[in-house]
Structures are given as C-alpha cells and as structure tokens.
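As a plain string of letters, each chain reads:
6 protein chains.
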Amino acid sequence: VAVALAQWGAEAVHVSRVPDHEIGEMAVGALRRYGVDTRHVLRGGERLGLYFLEHGASQRGPKVLYDRAGSAFTELRTGMVDWEAVLDGADWLLWTGITAALGDGPRAVLREAIEAARQRGVRVAVDLNYRAKLWTAAEARAVMRPLVEGADLCVAGREDADHTLGLASGASSDDPTDPAYEALVRRMREAFGFGVVALALRESFSASRHGFSALLHGGDGPVLRSRRYEVALVDRVGGGDAFTAGLLYGLHHHAPAEALAFAVAASCLKQTMPGDFAHVSVEEVRRLAEQGGGGRVER
Amino acid sequence: VAVALAQWGAEAVHVSRVPDHEIGEMAVGALRRYGVDTRHVLRGGERLGLYFLEHGASQRGPKVLYDRAGSAFTELRTGMVDWEAVLDGADWLLWTGITAALGDGPRAVLREAIEAARQRGVRVAVDLNYRAKLWTAAEARAVMRPLVEGADLCVAGREDADHTLGLASGASSDDPTDPAYEALVRRMREAFGFGVVALALRESFSASRHGFSALLHGGDGPVLRSRRYEVALVDRVGGGDAFTAGLLYGLHHHAPAEALAFAVAASCLKQTMPGDFAHVSVEEVRRLAEQGGGGRVER
Amino acid sequence: VAVALAQWGAEAVHVSRVPDHEIGEMAVGALRRYGVDTRHVLRGGERLGLYFLEHGASQRGPKVLYDRAGSAFTELRTGMVDWEAVLDGADWLLWTGITAALGDGPRAVLREAIEAARQRGVRVAVDLNYRAKLWTAAEARAVMRPLVEGADLCVAGREDADHTLGLASGASSDDPTDPAYEALVRRMREAFGFGVVALALRESFSASRHGFSALLHGGDGPVLRSRRYEVALVDRVGGGDAFTAGLLYGLHHHAPAEALAFAVAASCLKQTMPGDFAHVSVEEVRRLAEQGGGGRVER
Amino acid sequence: VAVALAQWGAEAVHVSRVPDHEIGEMAVGALRRYGVDTRHVLRGGERLGLYFLEHGASQRGPKVLYDRAGSAFTELRTGMVDWEAVLDGADWLLWTGITAALGDGPRAVLREAIEAARQRGVRVAVDLNYRAKLWTAAEARAVMRPLVEGADLCVAGREDADHTLGLASGASSDDPTDPAYEALVRRMREAFGFGVVALALRESFSASRHGFSALLHGGDGPVLRSRRYEVALVDRVGGGDAFTAGLLYGLHHHAPAEALAFAVAASCLKQTMPGDFAHVSVEEVRRLAEQGGGGRVER
Amino acid sequence: VAVALAQWGAEAVHVSRVPDHEIGEMAVGALRRYGVDTRHVLRGGERLGLYFLEHGASQRGPKVLYDRAGSAFTELRTGMVDWEAVLDGADWLLWTGITAALGDGPRAVLREAIEAARQRGVRVAVDLNYRAKLWTAAEARAVMRPLVEGADLCVAGREDADHTLGLASGASSDDPTDPAYEALVRRMREAFGFGVVALALRESFSASRHGFSALLHGGDGPVLRSRRYEVALVDRVGGGDAFTAGLLYGLHHHAPAEALAFAVAASCLKQTMPGDFAHVSVEEVRRLAEQGGGGRVER
Amino acid sequence: VAVALAQWGAEAVHVSRVPDHEIGEMAVGALRRYGVDTRHVLRGGERLGLYFLEHGASQRGPKVLYDRAGSAFTELRTGMVDWEAVLDGADWLLWTGITAALGDGPRAVLREAIEAARQRGVRVAVDLNYRAKLWTAAEARAVMRPLVEGADLCVAGREDADHTLGLASGASSDDPTDPAYEALVRRMREAFGFGVVALALRESFSASRHGFSALLHGGDGPVLRSRRYEVALVDRVGGGDAFTAGLLYGLHHHAPAEALAFAVAASCLKQTMPGDFAHVSVEEVRRLAEQGGGGRVER
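Chains as they are written, first to last, in our numbering: chain A, 594 to 892; chain B, 594 to 892; chain C, 594 to 892; chain D, 594 to 892; chain E, 594 to 892; chain F, 594 to 892.
Treat the hints with caution; some may be incorrect.
Identical copies carry no separate label here, and so any pair may be met within one copy or between two of them.
Derived pair list, reagent style EDC-like, types lysine to aspartate or glutamate, alpha-carbon separation capped at 20 Å [what the hints assert, rightly or not]:
1. K726 x E647
2. K726 x D755
3. K656 x E708
4. K656 x E877
5. K656 x E851
6. K656 x E677
7. K656 x E752
8. K656 x D613
Since the hints were derived computationally from the structure, they do not count as laboratory data.
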C-alpha cells in the first residue's frame with residue numbers, strides 16, 4: 594500500500610521491524626526505492642518473516658507457505674514505535690488484520706497506534722485481511738471486533754467480514770450483483786460504526802481468470818457499485834493492497850464514486866503484473882477507470 | 594507415472610536402461626528424488642534417448658523432435674531384466690506403446706515382461722500412446738494388437754484405438770458426449786478382452802486451452818463419464834501419464850467412478866504446471882475431484 | 594519482414610545503417626543468422642537506435658519507449674545507398690512509415706529509393722505503420738501522402754489510413770465485418786492509386802487476447818475478407834511485419850485469396866511466439882491457413 | 594557427507610527432522626536424488642532451518658546468515674528417532690558440533706544416539722565444526738567436551754580444537770608444516786581418547802585461493818601428513834564435509850595414508866564446484882590423489 | 594560515491610537530470626534504494642545516457658561503449674539546479690571530469706556549482722576521471738585546468754594528471770613505489786593549489802588481477818603511502834568511486850593516514866563484487882584496513 | 594575456425610551435414626550469423642551430433658561427453674559434396690582429425706576432398722586434433738598417417754603427433770623450452786613432408802590457469818618460438834581452433850614470425866571468453882601480439 598501511494602505522490606510512512614542484518618536491509622531498501630519513508634522501520638530481532646508463494650494456474654490455486662514464526666515483527670512491543678513522530682501531519686493510519694494475527698505484542702501495538710491516531714485526529718483505516726493459515730475465525734473475531742470498532746474506513750474481501758467480524762453475507766453465489774453484498778455493506782457500517790466500507794468482490798473462475806469489482810458505502814448515499822473487470826491474472830498477490838491504496842488516494846482527491854473507480858482500476862492493473870507492488874501511474878489508473886482497458890500497445 | 598505413484602505413497606519400480614555416464618545418472622536421480630525405486634534401471638549402451646520440446650501457444654501447437662536413435666533403451670534385449678525381482682509383490686505391470694515403437698529388442702522385452710506378469714498373477718496395464726513420429730499406424734497395429742490382448746487395463750487417447758488397434762471411433766466431432774465414444778469403449782473391451790478400458794477425451798481448442806474428460810468401462814456396469822475440465826494449459830506433456838497414474842491409484846483405493854474422477858483431476862492439475870511430473874498430493878487431487886477448482890489462493 | 598521472407602526461401606536484402614561497433618554488429622548478425630542479405634547495411638554514426646518494450650497483459654497494454662534520437666539510421670542521407678546494386682533483380686521494394694517519421698534525411702532516402710525502384714520496374718510496397726510517439730498525424734500526412742502515391746501495395750492497420758493518409762474509416766466499432774472497412778479499402782485505392790490494399794483488422798479485447806483478420810483489394814474483383822483468428826497473445830510485436838511478409842510471399846506464389854489467407858495465418862502464428870521474428874515455415878503457415886489451428890501436439 | 598558416501602556406493606542413512614510441507618519435502622528429495630536413505634527423516638515442526646550464503650572473492654570473505662531459530666530440527670527430542678532401526682548394520686555413526694549448538698533437545702538426542710551406537714558396537718565419529726555465530730567457545734566447550742569423549746574418529750579444523758575442546762594449537766602461523774599442529778593432534782588423542790584424529794589445515798590466502806592439507810593420527814604410527822593442494826575456489830562450503838566423507842570411505846577401504854590422501858583430494862575437488870555436494874566419483878578422487886591434478890580436459 | 598556514503602550514514606545528495614519516463618525513474622530508484630537523497634535529480638530531456646560494458650578476463654581488457662549522445666544530462670544548463678538548496682548544510686561538493694567532458698552545458702553548470710560552493714564555504718572535491726573515449730587530452734586540459742584550480746581535494750588515477758592537467762609522472766614503470774609518483778603528488782598540489790591530493794595507483798597485471806594502492810598528501814606532512822592490495826577482480830568498475838567515497842568519509846572521521854587506509858580498503862572490497870556500488874559496511878572496510886583480508890568465511 | 598576467419602574478413606566456407614529439422618537449422622544459423630558461407634552444409638540424416646561439456650576449475654579438469662553416434666555427419670558419403678563448387682577460388686582446404694575419427698564414410702570424404710584440393714592447387718591444412726574418447730592411438734595412426742602425408746600445413750598439440758602420427762616428443766616435462774619440442778617439429782616435417790608445422794604447447798597448471806605458446810617451422814629457417822601467455826582461463830574449448838584460424842590468417846597476410854604471434858594471441862584471447870567462437874577483431878589480436886595484454890579497461 595505504501596509503495597503505491599508513494600509512487601502516486603503521497604507521503605507514505607511504513608512502520609515495521611526487521612533484523613539488523615543484510616536481508617533486513619534489503620527489505621527496507623525495496624520500499625525506499627519507491628519513495629516510502631522508512632525512517633520508522635525499527636531494527637532488532639533475529640529473523641525476517643518470510644513466505645513462500647507457489648503461483649497457481651487454471652484449476653490449481655496459488656499457495657502460500659508462511660515462515661513468520663519468531664520474526665522480528667512478531668516481537669514488536671508497545672513503546673517501541675514513536676507514534677507521535679509517525680503520525681505527525683498524517684491524514685490516515687492504515688492497519689491490517691494480518692498484524693493482529695501475529696500475536697499479543699503486535700496486537701497491543703495496534704491498540705497503541707489506533708489510540709494515538711484518534712487523539713491526534715488522524716483517521717483510521719483497516720483492511721480486514723483474514724488469513725486462515727495464521728488464525729481461526731474464532732480467534733480473529735475475538736481480537737478484531739474491538740479493534741476495528743469505529744474505523745473511518747473498513748476494507749474487506751468477500752469472506753473477511755464473516756471470518757473476522759462474524760457478519761456472513763448470506764449470498765448464494767459469487768455473483769457480485771447479488772443483493773446480499775449490498776446488504777452486508779450496510780450491516781457492517783451499522784454494526785461497527787464504520788465511516789466508509791469498501792467490499793472487494795473477487796470472482797475466482799480459475800487461478801488464471803478472475804472477475805474483480807467492488808462496492809463502496811459512506812455517508813448517506815446509496816451503496817456504490819464499480820465497473821467489473823475480468824482479469825487474465827499474472828499475479829493476484831498485492832491486488833487487495835492496490836485496492837486499498839487506490840481507496841486512500843481516491844478518497845483524498847475525488848468524490849466517492851471516482852475513488853471507487855480508481856481503486857478498482859488500480860487493483861485490476863496490479864493483477865496484470867508480477868510481484869507485490871503496483872507499478873502503475875495515476876494517469877494509467879485513471880485512463881483505465883475512464884476509458885476501459887483494451888490493452889492496446891502504446892508506441 | 595512412477596513419480597506420481599511414488600509421491601502418492603505407492604511402491605513404484607521403474608525399469609529402464611541408461612548409459613553409465615553422468616547424463617544417465619542425472620536421469621536416474623531425477624526419478625529417485627521423488628521416491629521411485631530405480632534399482633532395476635540397467636546401465637549400458639552409448640547414449641541416452643533425448644527429445645526436444647517446443648511449447649505451443651494459441652494456434653501454434655507444441656512440437657516434439659525425437660532424438661532416440663541408438664539409445665541405450667532401444668538396445669534392451671530379453672534376459673537383461675530380472676523380472677522375477679521386479680514383479681515380486683507387485684500389483685500391476687504398466688507398459689506403453691512407445692516402448693513397442695522402439696524396435697524388436699524392446700518389443701521382445703515387453704513380451705517377456707507380460708508373460709512373466711501373467712505367470713505371477715500380476716495384472717497388466719497398457720497405455721496405447723501412439724506416436725506418429727515413431728511409427729506408422731500399420732506398423733503399430735501389427736505389433737500392438739497381439740501385445741495388448743487381454744490386458745487388465747487399457748488406457749487410450751481419442752485416436753490411439755484407431756492408429757494402434759484399428760478401431761476408429763467414427764465420431765463426427767471432438768464433442769466428448771458424442772455417443773460414438775461410448776460405443777468405442779465397448780468395442781475395445783469386446784475385441785481385445787480388456788478388463789477395464791479408460792478413454793481420455795482431450796478437446797484441443799488451441800494450444801493454450803483444452804477440454805479434458807474421460808470415459809471408464811469395466812465389469813458389467815454402464816460406461817462411466819467423468820466431469821469435464823476446461824484447462825488453461827501450462828504444459829500438456831505428462832497429462833496422459835498423470836491420468837494413467839491416477840487410474841492405477843484410484844482403482845486400487847476406490848470404486849470405479851471415484852477412480853475415474855481422481856484420474857481426470859490428477860491429469861487436469863498436471864497440465865497446470867511445467868514439466869513431465871505431476872507434483873500434486875492425493876489430497877489436492879481429491880479436493881479438485883470433489884469440490885471443483887476455482888483456483889483460490891490458500892493462505 | 595526480411596527475416597520471415599529469407600526463411601521462406603526468398604532473397605531478402607535489408608538496407609540500414611548501424612554504428613561500426615560491437616552492438617551494431619550484433620544487430621547485423623541477428624539478421625544474417627536467418628539468411629537475410631546484409632551487404633547493404635552501412636556502417637557509421639555514433640549510436641544504434643533502441644527501444645524498450647514493456648509487455649502487456651489483460652487490461653494493461655504493452656508500452657514502447659523509443660530511444661532513437663541521434664541514431665546512425667536517422668543520419669542516413671541520399672547518395673549513401675547504392676540503390677542500383679540493391680534493386681538489381683528485385684521484385685519489390687518495401688518501405689515503412691516509421692522510416693519516414695525519423696527526419697528529413699531518411700525521408701529523402703525514401704524518395705531516392707522509390708524513384709530508383711520505379712525506374713527499374715521494381716514494384717513498391719509500403720506499410721503505413723503510424724507511430725504516435727514519433728510524430729503527429731498532421732506531420733505524418735504532410736510527409737506520407739506524396740510518398741505513398743501510386744504504390745503497388747499498401748499495407749495498413751485499422752487507424753493508419755486516418756493518421757497517415759487522412760482517410761478515416763468512420764466505423765462505429767472494431768467489428769471487422771463493419772462495412773465501413775470495405776469502403777475504406779476502396780477509398781484508399783481510389784485516392785492514392787494503389788495497386789493492392791491490405792487492411793489488417795486487429796480487435797484488442799485485452800492485451801492477452803486479440804482478434805486478427807484482414808481485407809485485401811486489388812484488380813477488379815471484390816474486397817476479399819480473411820478468416821478471423823482469436824489469438825492468445827504471447828507477443829504482438831512483429832505481428833504486422835509477419836502480415837506484410839506473408840502478403841509479399843503470397844502475392845508472388847498464389848492468387849490473391851490464398852495470399853491473404855497466408856498472410857493472416859503467418860501473422861497469427863508470429864503472435865504466439867516471443868520476439869520480433871516469425872520463426873515459422875511455409876508449411877506451418879499453410880497448414881494453419883488450410884486446416885485451422887487446434888494447437889495439437891506434433892509427436 | 595551422506596550424499597558423497599551414497600554416491601561412492603555406501604549405504605548412507607540421514608537422520609533429521611523437517612516440516613511436513615513442500616519445502617521440507619524438497620530438502621528430503623535433494624538427498625534422496627543421490628541415493629541417501631531418507632526413511633529416518635522425521636516430519637514435524639513449523640519451519641525448515643535456513644541459511645543465506647554470500648559468496649566471497651579475494652579480500653571479501655564469504656558470509657553466512659543463519660535463520661535456524663525455531664526450526665523443526667531444533668525441536669528434536671529424545672525418543673523421536675528409532676535408533677535401533679537407524680543403527681542396524683551400521684559401521685559408523687557420524688555427528689557434528691553444529692547439532693550440539695542447536696539447543697538442549699538436539700544435544701540430548703546426540704547423547705541418546707552415541708549411547709545407542711556404543712551399545713551396538715557402532716563406531717562413533719564426530720566433526721567438531723565450531724560455528725561462532727551459533728554459540729560461544731565457552732558454551733561449546735561445556736557441551737562438547739563430554740560428548741566427544743572417546744570418539745573413534747574426531748575430525749577438526751585448525752581452530753575447532755581450541756574453540757570446542759579448549760586445546761589451542763599455539764602455532765604462530767597458518768603454515769601447515771608448523772610442528773605445533775602435529776603436537777595438537779597428539780594432545781587431542783591423549784586428552785579425549787580419540788581412536789583417530791584428522792586435522793584439516795586450510796590456509797586462506799584470500800576468498801578465491803586456499804591451501805588445503807591435513808594431518809591424520811591413529812594407532813601407534815607417526816602423524817601422517819597429506820599432500821597440499823592450492824585451490825582456486827569455486828565454493829568452499831561443503832569442503833569440510835567432503836573431507837569427512839573421504840575419511841570414512843578411506844578408512845573403510847584403505848590403509849590410513851591412502852585414506853588421508855583420498856579425503857584431502859575429495860575435499861579439494863568439492864571446492865572446485867558450486868553447491869554443498871561433492872559430485873565426484875571414487876575414480877576421480879583417486880586419480881587426483883595418485884596423479885595430482887593438472888586440470889586437463891578429458892575428451 | 595553517493596551510494597557508498599549514504600550506506601555509511603552520510604547525507605548524500607545526488608544532482609543529475611533524467612528523462613521523465615520509466616527508465617529514468619528506475620535509475621533514480623536505484624539510488625534512492627540505498628538512501629541517497631534524490632530530490633535534486635531533475636526530470637527532462639529525451640533519453641537517459643547509457644553505456645555498455647564488456648567484462649574482461651586475463652589478457653582481454655574490459656571495454657566500455659558509451660551511448661550518451663543527446664542524453665538528458667548533457668542538456669543540463671545553468672539555472673536549472675537550485676544550488677542554494679543542494680548545498681545547504683553541506684560539507685563537500687564533489688564533481689568529476691566525466692561531467693566536464695559532456696559539453697558546454699554541463700561545464701557551465703560545474704562552474705556555477707563550484708562558485709556556489711565557495712561562496713557558502715562548502716569544500717570542493719574533484720575526481721579527474723579522464724575518459725579517452727569522451728574527449729582528447731588536449732580538450733580535457735583546456736577545460737579542466739581552470740575548473741580544478743584550488744580544489745580542496747583532488748583525486749586522480751595514475752595517468753589522469755597527465756591527460757587532464759598536463760602533469761606527467763615520468764615514472765618508468767607501474768611500480769607504485771617509484772619515487773616519481775610521490776613527486777607527482779607534490780607537483781599537483783603546487784601547480785593547482787589543491788588542499789589534499791590522492792593518487793590511486795592501479796597495477797593491471799591482467800584483467801583478472803590488479804594491484805591497488807594509493808598516495809595521499811595534504812598539509813605539511815610527508816606523502817602518505819597506503820598498504821597495497823592484490824585483488825582477484827570481480828568487477829573493477831566503481832573501484833575509483835569507492836576510493837573517492839572512502840576518502841570523503843575518512844577525511845571527515847579520521848586522521849589522514851587512517852582516511853587513506855579506509856579509502857583503499859573500500860576500493861579493494863568494491864572490486865570483489867559485481868556492479869557499480871560498494872555494498873560494504875564501515876565495519877567491514879575497517880576490518881580489512883586494520884587486519885588485512887584473508888577472505889575467511891564468517892559463520 | 595570458420596567463424597574466426599569470417600569475422601576477420603576472409604571468405605570461409607563450412608562443409609557439413611545436419612538433419613533437416615529445427616535443431617539442425619539452429620546450428621547452421623549460428624555459423625551464418627558470423628558470416629560463414631553455409632551453402633555447402635548438406636541436409637539429411639536423423640540426428641545432429643551433440644556433446645555435453647562440464648567446465649573444469651582448479652584441480653578438476655573439464656570433461657566432454659560425446660553423443661555423436663548415428664549423427665547426420667557420420668553418414669557423410671563420397672559424392673555428396675560438390676567439391677568443385679566448394680573449392681572454387683579457395684586458397685586453403687582445412688580438415689581435422691576429428692572427422693577422420695567418425696568412421697569410414699567421413700574418412701572417404703576426406704580423401705575425396707584432399708584429392709580435389711590437390712588437383713585444383715588448393716593448399717591443404719590439417720589439425721591433428723586427437724580425441725581419446727573417439728578412437729585409440731593405434732586406430733588413429735592407421736587412418737591419419739596416409740591422410741596427412743604432404744599437407745601444406747600441419748597443426749598439432751603437444752601429444753597429437755604421438756597419438757596420431759606415432760612421433761613422440763620424448764620431452765621430459767611440459768616446459769615449452771624443452772629442446773625436444775623443436776626436434777619434434779623438425780621430425781614431423783621430415784617424416785610427412787609437411788610444408789609448415791605448428792605445434793601448440795599448452796601447459797596445464799590447473800583447469801583455471803594455463804600457459805600457452807607455440808612453435809612454427811616452415812621453409813629453411815629456424816624453428817620459430819612465440820611469446821608465452823599465462824592465461825586465467827574462462828573457457829579453453831575453442832582455443833585450438835582460434836590458433837588454427839590465426840595461423841591461416843597470419844600466413845596469408847604476414848611473414849611466419851608475425852603469423853605465429855597472431856595465432857598465439859588469437860588463441861589466448863579466445864580462452865578468456867565463454868563459448869567456442871573467438872569473438873575478437875584483427876586489431877585486438879594484433880594489439881595483444883604487439884603490446885602484450887595488461888587487461889586495462891578501454892573507456
């Protein structure tokens with residue numbers, strides 16, 4: 594999320610903790626390369642959390658093998674991060690359910706950060722990001738429900754609200770036009786007092802072809818529905834982060850409908866390139882959002 | 594076939610002959626890595642048979658260039674293999690039409706092996722595997738018809754029965770529901786006394802997209818028809834072998850309908866990954882066979 | 594174009610200019626490898642023109658970054674090329690709108706070449722090849738209209754005629770059966786006195802999937818329409834050149850309808866392989882043109 | 594060590610513990626490929642121990658970054674390994690100081706293994722293998738001194754005896770002919786009752802060029818000194834393991850002087866190839882040991 | 594130079610100009626990754642200057658092919674750079690003879706920068722960096738002599754002083770102890786009023802093996818002579834820049850003799866790794882400078 | 594040899610036979626790329642001869658595994674090659690002992706070629722090129738002695754004359770100044786009536802470092818001795834061919850002493866680059882021959 598926002602001209606600060614060794618520095622450098630402010634990445638701990646990714650194709654889904662046990666990040670404790678400095682002048686604090694899944698230390702730091710943000714009038718955004726290999730739905734609900742309460746923006750995937758908040762869509766299919774999804778968005782706002790809710794609706798026809806669209810609801814208006822993209826996937830990892838980055842950028846610069854269109858287009862484009870990062874300019878995202886994407890050569 | 598079965602927990606013995614040099618050892622090691630019993634791979638001869646594969650895409654089909662002339666395997670002669678040891682405790686002997694295409698020596702060894710299997714009550718399976726670049730249909734029929742006679746399992750592709758056994762389907766299209774294919778399966782059993790016949794029905798829409806399904810017929814029941822997968826191909830080579838491995842595994846552990854479902858799912862998954870081997874677990878195959886494959890990420 | 598024709602048995606002479614250094618020689622060697630006659634590639638100048646290509650996928654189109662400023666080729670001047678030797682025994686002179694976009698020197702050399710061809714009865718073919726990153730439509734029209742006048746063959750893409758000649762199709766969609774395209778072909782011949790016009794009709798559904806077909810009009814007959822291929826793209830670059838090569842080969846050896854079929858099939862196959870060159874034999878092109886392409890394995 | 598011995602025809606059993614996931618299986622397969630018996634590699638735990646290696650050159654030494662915390666192997670506990678089955682028919686049990694550095698569990702398993710070996714008359718070999726990034730010399734001495742007591746073979750590098758056993762060579766230089774090294778070998782045998790001691794004497798002129806020789810002492814004879822090789826290094830990692838494998842092979846098949854010559858030659862050859870494994874035949878090692886190595890082409 | 598200094602904890606600002614396109618951004622990102630302040634890298638122009646490097650080995654020297662004509666950097670003009678902001682708080686301004694070779698624009702900008710530095714009391718350092726493929730010695734002398742006058746630090750290679758300043762060493766060999774080199778260093782200071790002169794003495798035994806040492810002279814002391822390293826080269830490119838970075842770092846933190854030792858060690862280490870950048874920590878450089886480099890493994 | 598000569602401006606015709614398939618065409622294209630005239634490379638046969646090369650390092654020598662049995666080339670028969678066309682206007686016919694090792698067909702074609710050359714006054718050169726993996730010394734002598742008789746140029750390595758002609762050097766060491774080598778050269782001329790003899794004297798200190806020098810004797814003068822190069826090897830394969838190419842080029846353009854210097858320098862440079870071909874210009878070879886090679890960077 595930070596890489597995308599920094600490339601789009603925002604000041605993006607990433608808070609993390611990596612070991613003070615060559616592999617840790619490589620990770621920090623990979624963020625700094627794209628202009629992310631890494632001054633608040635702490636050094637310490639023994640190992641960098643890793644994961645192994647097997648790309649999928651057709652009927653074979655991608656597979657993630659987490660190797661995060663004992664990572665420097667899981668050892669994050671309250672008092673380590675200088676939240677005053679981090680949040681100074683910030684518009685948003687964004688956190689994710691993956692951090693909450695990593696143990697008591699990271700959870701306590703999340704509470705500390707959310708508290709600090711509220712005191713300074715910094716808005717809070719959360720991406721629910723449920724990961725079944727890191728915790729169970731029961732554990733997630735117990736931890737996440739109090740943490741997300743009152744977030745200014747809540748970003749969720751189709752099943753995150755169920756696993757994380759205990760709000761099932763009740764939809765009978767993946768069809769993004771199923772009215773159950775609109776109802777879910779409304780229920781999420783009501784139940785947790787979210788300012789804005791964004792629900793990403795991924796349709797997984799196969800590991801090579803997805804549908805991607807989203808709903809957005811904030812204020813008193815109707816639930817907004819984005820255009821739907823059918824994507825020939827290159828790498829779906831990072832698609833959710835590009836969506837969240839697009840929302841933060843879009844809500845800052847545009848009206849909600851345009852923000853939603855921008856976020857969905859950014860996510861679509863990310864999924865057409867390898868790696869975690871959305872190497873795409875604001876202009877390229879806008880062109881897709883406004884004109885659609887025939888994939889014509891530019892030359 | 595042996596690699597898939599060994600990964601699934603079966604004891605798989607591979608019989609072959611490779612030169613006693615570094616390249617020959619690499620080939621043996623590639624099998625041993627996955628748990629195949631390679632003690633019956635003989636050493637001798639001057640060269641390892643090779644082939645060059647050009648992957649296809651869209652309207653351009655893949656192309657195989659055989660470079661097997663004078664290979665160690667073509668020099669296989671009766672008396673070289675210790676069939677008593679190979680077949681000791683075995684359930685199945687599997688052979689393929691490709692071996693029969695490689696000359697008089699390999700053919701005589703096939704006869705020797707089939708005879709030895711029958712004497713010990715080991716069931717015999719054959720994959721017809723017709724290869725037009727290795728021999729003509731006339732040659733194949735002359736050699737194969739007596740060899741396949743009475744096999745306990747015969748695996749065939751859509752046109753193998755015609756080229757190899759002289760039994761044309763008479764189907765007017767590639768549509769797998771054409772009743773001519775069911776009729777063909779019955780005629781194969783009648784004409785050659787096969788215990789079970791499995792017919793793989795590949796629909797080649799392009800080199801990038803295939804349909805894959807199969808028929809199975811054994812005992813007194815109806816001809817069974819599998820689910821049909823539409824596959825975004827990564828590498829079609831090895832798809833037939835994964836199907837055969839799936840049949841042998843499935844017929845050992847399951848009723849025929851589940852065996853067929855397992856075999857078709859195993860083949861489908863193989864075609865979504867590069868290389869000859871089906872790197873896929875029993876559980877992954879079963880999950881696809883039972884739940885279908887939306888290609889969702891596991892994380 | 595020259596590489597394709599040389600591989601198909603034609604004598605193809607490439608005229609160009611590269612610096613007298615290692616990178617220049619590598620470029621010449623890459624042509625010579627496939628049998629192109631490179632004796633008329635001049636040496637001189639400081640740098641080789643380059644371009645950077647970002648492949649596209651799905652909604653993200655490919656992108657070309659030209660780095661041709663100051664290249665050896667842009668410094669081409671009249672009198673440098675020995676047109677008498679180049680054109681000796683030639684059937685066709687082929688030139689492209691890209692050369693015309695590179696400045697006054699190359700334009701003057703084009704005029705010199707066209708003049709020399711006409712004096713010797715060598716037919717002239719032009720591929721309009723409009724490139725928006727090299728010049729504007731207004732500039733292109735001013736230069737190209739007099740240059741193309743009376744060409745024996747004019748090859749154009751869907752929008753080239755508008756940008757380069759000032760003849761818009763007026764079609765309301767990309768549908769290749771829109772009658773506006775047939776009308777455009779007729780207007781091109783009338784307005785510029787072309788012997789034959791070939792119009793390539795690319796439909797860009799996404800950067801991963803294109804439709805490709807073409808129209809051909811020459812003599813007194815009707816406008817011919819080719820079969821339409823739906824291509825799962827590997828690399829669309831070079832697809833236009835393969836089409837032009839196919840036309841020149843086809844018009845030399847066949848009647849117009851077969852020439853068109855050959856050209857469209859050659860272009861389709863090129864788009865299924867990486868790189869600029871059409872590594873495909875006459876027999877493979879013919880097989881696709883005659884039997885269609887199911888992408889079956891040859892083995 | 595096991596890979597080298599298996600390639601040389603010995604039955605080599607590797608005892609370890611890896612997670613029951615794809616990366617764990619890849620590690621096991623890498624051993625099995627070369628014929629190592631992997632039936633006693635246990636499955637369990639969360640992660641596979643890793644290390645990152647930066648190759649060195651000239652004045653820049655190679656660097657190892659351990660990422661072994663929390664690995665499946667560190668969780669090894671007594672009772673997990675079926676030593677009776679492992680040691681059945683074995684000549685030697687080989688263990689290494691690295692295992693002892695990994696915590697109380699692995700240390701207890703070492704004690705269990707050594708005890709089991711002694712009860713069955715299986716000889717015990719130890720490679721001291723001190724690693725400063727895993728523990729301090731003080732820790733190593735406290736753990737290792739009782740464990741190594743009475744080993745039938747002790748393999749050590751130049752400084753291992755000091756860091757691990759508390760026996761410093763007192764040599765004033767790296768010169769392998771310094772009499773202090775011979776004295777050290779004798780003191781090691783006396784102090785710990787080793788049957789045979791082998792001391793590898795690496796001279797590190799730079800990360801690209803090493804001298805390699807060794808001393809061997811057993812029985813009542815003199816301390817044997819090997820030929821000295823000056824190696825243009827490709828990868829020094831695995832050089833010690835090839836030396837140990839060579840000793841075990843050599844002591845089984847040859848007199849001590851030839852065993853030493855074989856071991857030093859095997860280690861030298863390993864250091865001329867990338868990776869951890871000594872891909873070299875008995876015949877190739879012998880040829881170097883007997884004729885020296887001019888590196889002539891074989892063709 | 595900037596990358597090395599930034600990794601060593603200095604605030605390093607790089608001033609340059611790159612095109613506003615993807616390739617330009619990649620270049621900027623490559624600097625930012627290592628912590629260089631890139632806010633003063635201007636955007637504009639058509640192309641990024643390139644060069645092609647052929648690595649050498651043994652008797653075959655490396656070869657550089659410049660492709661810098663028309664680059665964005667050559668179009669640098671006075672007034673473009675905000676020197677006030679760049680130099681604010683700076684200790685040093687470093688410039689190089691390569692910039693001076695690129696034309697009147699860059700030269701004028703150099704004059705502007707040097708003037709601005711002097712006005713603010715920022716010290717000026719120059720690396721003479723003569724490149725025979727960019728200009729002749731006569732041209733270099735005419736431009737460089739007035740520009741370097743009075744620099745606080747002048748860094749030169751063995752022949753730079755001759756080609757660039759017109760001061761030949763008169764040494765009869767490459768032997769770094771030839772007294773002519775000490776005399777040259779003194780003459781350079783006298784003739785141009787340099788505060789400090791550093792002379793790098795590279796001995797090119799072959800493209801695979803170099804000697805590297807240096808002289809330093811400043812203040813009233815004797816000419817200092819560094820240790821001499823014999824380097825098994827991995828990539829000599831960037832060795833001079835690492836030397837200059839080491840001098841700037843060393844002169845800031847240490848006495849001259851230690852500064853020289855640090856600079857020569859940093860350069861030595863750079864030459865043992867691929868690429869332009871010195872990926873090496875202050876501690877690693879110091880360890881080599883103080884203890885010498887046997888290239889032992891750290892583990 | 595042909596590639597080197599073609600790059601140096603000679604007309605080099607290569608005569609061979611490759612299968613009429615994609616791999617065969619790739620081999621031909623690889624020669625054509627560098628300007629070799631490939632019009633006399635015949636098409637036919639089933640397979641292309643291959644070999645596998647394992648690069649060596651330090652004490653581990655490189656290893657070649659031939660896979661040439663049944664190759665298209667071994668099936669070459671008299672009458673297939675149009676020697677009249679091949680030799681038209683030629684100065685030299687060059688053949689090698691490897692061809693003679695490949696069987697009766699190739700040998701008969703060699704006789705045919707040598708006869709045809711003599712009739713037309715084309716000089717004949719032979720590179721003895723003994724390969725122990727292709728035939729024994731006894732076989733080689735029986736075939737080669739009559740074939741080489743009276744060659745205008747005979748090129749040999751240190752042991753080729755013994756294995757191939759039965760003339761042992763009797764030298765007691767590899768020292769190239771051993772007088773036995775001069776005597777051998779004289780005996781070769783006397784015994785077989787060679788016009789010129791060139792003897793390459795490779796000293797294999799290790800697989801990473803060779804000495805390379807040569808002797809040349811022709812006419813009535815003394816035996817000429819070249820400079821000796823000590824080479825840090827990148828790839829020794831092709832070093833002999835570069836030497837032969839250098840001799841043919843040198844004897845055509847220069848006096849014998851310069852021809853020898855050119856040939857030895859060309860071979861030295863080849864050995865510093867990967868692959869079979871000597872990618873080096875006449876000017877680069879001359880510079881090394883005249884000035885020696887310090888491996889300095891050109892920039």
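At most 20 Å between CA atoms: does that hold for K726 and E647 within a copy, between copies, both, or neither?
The answer is within: 15 Å in one copy meets 20 Å, while 32 Å across copies does not.
Can you tell me if K656 and E851 fall within 20 Å by alpha carbon in one copy, between copies, both or neither?
neither (33 Å within a copy, 26 Å between copies)
If the cut is 20 Å between Cα atoms, do K656 and E708 qualify within a copy, between copies, both or neither?
neither (35 Å within a copy, 43 Å between copies)
K656 and E677: within-copy, between-copy, both or neither at 20 Å Cα
Neither: 38 Å inside a chain and 38 Å across chains, both beyond 20 Å.
Copy assignment of K726 with D755, given that the CA separation must stay at most 20 Å:
For K726 and D755, only the intra-copy Cα distance (16 Å) is at most 20 Å; the inter-copy one is 46 Å.
Intra/inter-copy verdict for K656 and E752 if alpha-carbon distance must be at most 20 Å
within (18 Å within a copy, 36 Å between copies)
20 Å Cα cut-off: does K656 pair with E877 within a copy, between copies, both or neither?
So K656 and E877 pass the 20 Å test across copies only (11 Å; inside, 30 Å).
Alpha-carbon proximity context of K656 and D613, limit 20 Å:
between (29 Å within a copy, 15 Å between copies)
Hint compliance for this structure: hints 3, 5 and 6 are not met, and every other hint is.
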